[in-house]
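Just need the whole structure built from these sequences, with the hints factored in.
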Amino acid sequence: MTVRSIKRQPERTHNTIHSNFSFASGSGCLAAEPDRFCSERSSARLYAFVAAVMRGSCCGWNRRTEQRFRLLAISTVKSVKIKLLLCCCVAFTLLAFSTSASSFVLWNNQPPPPSSFPDSRKGYSIVMNTWKRYDLLKQSIKHYSSCPRLDSVHIVWSEPNPPSDNLLKFLHHVVKFKSKDGRQVKLRFDINKEDSLNNRFKEIKDLETDAVFSIDDDVIFPCSSVEFAFDVWQSAPDTMVGFVPRVHWMNSLKDNDNKFSYGGWWSVWWTGTYSMVLSKAAFFHKKYFNIYTNEMPSSIREYVTKNRNCEDIAMSFLVANATGAPPIWVKGKIFEIGSTGISSLGGHSERRTECVNGFAAVYGRMPLVSTSVKAVDSRNIWFW
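All residue numbers for the sequence shown refer to full-length UniProt numbering, where the first residue is 1 and numbers rise by one.
Treat the hints with care, since some could be wrong.
Each pair of labels, with its calculated beta carbon distance range [said to hold, decoys possible]:
no., residue 1, residue 2, range
1, Ile82, Gln234, 46 to 54 Å
2, Cys87, Lys169, 27 to 35 Å
3, Glu302, Ser179, 34 to 42 Å
4, Val362, Pro163, 16 to 24 Å
5, Trp269, Gly338, 29 to 37 Å
6, Lys132, Glu302, 41 to 49 Å
7, His173, Lys374, 35 to 43 Å
8, Lys169, Ser235, 37 to 45 Å
9, Asn290, Asn380, 44 to 52 Å
10, Lys333, Gly264, 18 to 26 Å
Keep in mind the hints are simulated off the structure, nothing from the lab. By construction, the Cβ of each residue, glycine as well, lies at the ideal position given by its N, Cα and C atoms.
And the structure:
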């Protein structure tokens with residue numbers, strides 16, 4: 001019995017020790033530890049746990065905050081860029097619209113460039129062709145009379161009846177009222193007995209300027225554009241300088257009777273070249289009036305009278321034949337105040353093609369010279 005009790009005693013002792021050192025439930029302390037030590041250890045572990053959690057939370061909060069600030073900054077910068085771009089677009093649009101609107105509505109009041117030629121004899125004369133469109137004539141004379149270097153206005157009158165007293169009185173009053181800078185623009189009516197488009201190029205005896213600005217009564221250009229074209233003409237006074245370009249080219253079709261073709265504005269726009277400027281808005285030297293009337297082949301004048309067309313092409317041929325040089329196209333804003341004309345009739349291009357080929361046959365060659373040069377006033381453009 002004694003031996004058995006001795007053998008079982010260690011087993012009980014081992015079980016007791018094992019149970020005494022088991023961890024207290026829910027605490028981090030050993031059951032055998034005193035309460036003071038257990039409390040201190042629990043507090044330390046709690047503090048460490050809280051600190052770790054705080055560090056993790058702070059790091060997470062910092063990362064999230066930094067991300068938010070970065071996204072906010074990016075979105076703010078993008079928003080500012082978009083607003084600046086929109087503001088620039090709106091400002092540019094308003095500026096372009098105001099410029100176009102002012103030029104369209106106030107073309108009669110555009111400030112011309114400063115005059116470099118105070119002597120009116122160094123200016124230019126306007127030769128205006130008209131036909132029973134008195135309202136257009138009044139409007140055109142009223143506008144051009146205010147141009148700074150204009151010396152005189154000559155109205156080519158081919159109607160069967162002379163101008164009425166009321167028309168004469170009105171035009172003289174307008175010219176006198178619109179003349180500026182102490183000068184007085186002279187107004188003349190060149191009366192013709194015969195109705196012919198050749199009349200617009202008849203020699204004018206009392207013309208005091210070398211420069212002639214040939215213009216139709218239904219076309220308006222700002223004085224600033226006219227003055228700039230005059231400056232360009234002075235650099236090349238033997239050639240034609242104008243606002244309305246046209247082009248010709250050789251036909252590639254062998255079965256075509258016409259060796260050359262006439263091209264209007266869209267042909268000029270498409271090819272980027274031109275070989276004529278129309279006399280409906282062009283500068284040239286007054287000597288060409290005499291050459292047109294007295295030296296140019298009479299068959300060309302007869303063709304113009306018979307067909308009531310192509311007098312402007314005839315003048316382009318004449319000048320090109322005399323100079324061997326191309327005309328000069330000047331950029332300018334054009335306002336057409338008339339609604340009808342020869343060019344609006346059907347078959348106009350075909351008839352002009354006939355003129356080009358017929359005149360080339362008379363000259364025995366093609367005198368027209370093509371070019372792609374365009375004169376632009378750099379003071380009126382933003383981008384080069």
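These are the hints, each one checked on the structure:
1. Ile82 x Gln234: 46 to 54 Å: 50 Å, holds
2. Cys87 x Lys169: 27 to 35 Å: Given range 27 to 35 Å: violated, Cβ gap about 54 Å.
3. Glu302 x Ser179: 34 to 42 Å: 40 Å, holds
4. Val362 x Pro163: 16 to 24 Å: 35 Å, violated
5. Trp269 x Gly338: 29 to 37 Å: 22 Å, violated
6. Lys132 x Glu302: 41 to 49 Å: 24 Å, violated
7. His173 x Lys374: 35 to 43 Å: Hint holds: Cβ distance 39 Å, inside 35 to 43 Å.
8. Lys169 x Ser235: 37 to 45 Å: At roughly 40 Å between Cβ atoms, Ser235 and Lys169 fall inside 37 to 45 Å, so the hint holds.
9. Asn290 x Asn380: 44 to 52 Å: 36 Å, violated
10. Lys333 x Gly264: 18 to 26 Å: 19 Å, holds
The earlier numbered hints that this structure contradicts are 2, 4, 5, 6 and 9.
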